[in-house]
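Trainee: Now for the letters of each chain:
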Amino acid sequence: MELHENKLIAEIEKLKLDFIKTTEKLIKDVKRQDKIMTRSDKRQQQEYDELQSKFAEVEALQKEIEDTQKEVVFTMGAIGESRSKETGNHVKRVAEYTYLLAKYSGLPEKECEMLKQASPMHDIGKVAIPDAVLNKPGRFDEDERRIMDTHAQLGFDMLQSSSRPLLKMAATVAYEHHEKWNGTGYPNKLAGEDIHIYGRITALADVFDALGSARVYKPAWDDERIFKMFKEERGEHFDPNLIDIFFDKLDEFLLIRDSMKDV
Amino acid sequence: MQNLKLEATKYTPEINLDPSGTISLVGKSYPENTFEFYAPMMEWLEEYFNGNAADTTVVNMEIIYFNSSSSKLFFDFFDLLDENASENKIEINWIYDEENESAEEAGEDFIEDFEDLNIKLVQK
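From first to last, the protein sequence lines stand for chains G and P. Residue numbers 1 to 263, in my numbering, belong to the letters of the first sequence in order. Residue numbers 264 to 387, in my numbering, belong to the letters of the second sequence in order.
Interface residues of chain G toward chain P, partial, derived using beta-carbon atoms under 10 Å:
1. Lys35
2. Ile36
3. Ser40
Result set (DSS-like, lysine-lysine): computed pairs, CA atoms no more than 27 Å apart in a straight line:
4. G:Lys28 <-> P:Lys352
5. G:Lys28 <-> P:Lys383
6. P:Lys335 <-> G:Lys21
7. P:Lys335 <-> G:Lys42
8. G:Lys42 <-> P:Lys387
9. G:Lys42 <-> P:Lys273
10. P:Lys352 <-> G:Lys25
11. G:Lys70 <-> G:Lys54
12. G:Lys228 <-> G:Lys180
13. G:Lys116 <-> G:Lys180
14. G:Lys92 <-> G:Lys63
15. P:Lys291 <-> P:Lys268
16. P:Lys273 <-> G:Lys54
17. G:Lys35 <-> P:Lys383
So, partial list: chain G residues that the calculated Cβ filter (under 8 Å) puts toward chain P:
18. Arg32
19. Met37
20. Arg39
21. Arg43
22. Gln46
Quick caveat, the hints were computed from the structure, so don't treat them as lab data. All C-beta atoms in this analysis are idealised placements derived from N, C-alpha and C, irrespective of residue type, glycine included.
Model the full structure from these sequences, guided by the hints.
Mentor: Laid out in structure tokens, this is it:
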């Protein structure tokens, strides 16, 4: 009986040892797990902080790039303008008009914003037109007109090799802003919707602004004359849909014109 | 014993286990299923230390990023080395890039946790 009891105790003692060993291991594991979690949390926090600061850096760089791009594009527009007979705020107003036309044509906001930036470059090709032609007072003869008209092709050639979407868009604008809806424009006599919407929009914006502005060779047209001409040119020079938008939203166009007058 | 070599992936390190005594893990470690991924390595190591180990075993760990389950696995890995450290000569190099502070800290932590192992911090 005593022997039996002792054996039982020995077994229990052994179990107790095993139990202690197991619990010690469990405690060690739990402690280790806690340690891993604490460290992971700390590391995650550091990494997230770092990520956030990197993101902020990337954003700042992105903005820098966009600002630089806007400035370059605008400067190019101004260069084109300095080589043309347009003056003052012409390209700025054209930019705003193209934005409106793009918006009401249903183009996505991002594209409207891009067109607003690209359209001021429509006359960039004029930098390659000889001064003698460019600055000639009075009317061009046939040869001179032909030379002048190459500015669309020249602008396209300058910009088209770029892989930047904005400059690609500007290339299209430069190339097609003298095409006419009825197919009598230049350089390619494109008609209707074969003319890119960017070209059609810029054509209308450019002409509207040019007619309404005084030049050394002509006074500013009054609105009545401009509107009459636009109605006549609906479906001729201009995309009829864009003319409809123009008259539909006329107030907004006139507001831009009034707020950005030449001084 | 055969070499075990696993190429690095986007989420897992390059692993090179050579029975002539070199063990190396290089890269990032945040696999989807960590323990499954490392199972062949752990099996290889069991077999290696089961009478197949070289006179000196050099472990080179250059882990630039790891998740918490990898951290757990590295504990198991060091445990295994620890268990075999009395009968085998094991040298461990925890290699980190100067700019990677968290890798350096992780190395320091492992040194603290495994006092009996010979872990060296090696700056690249």
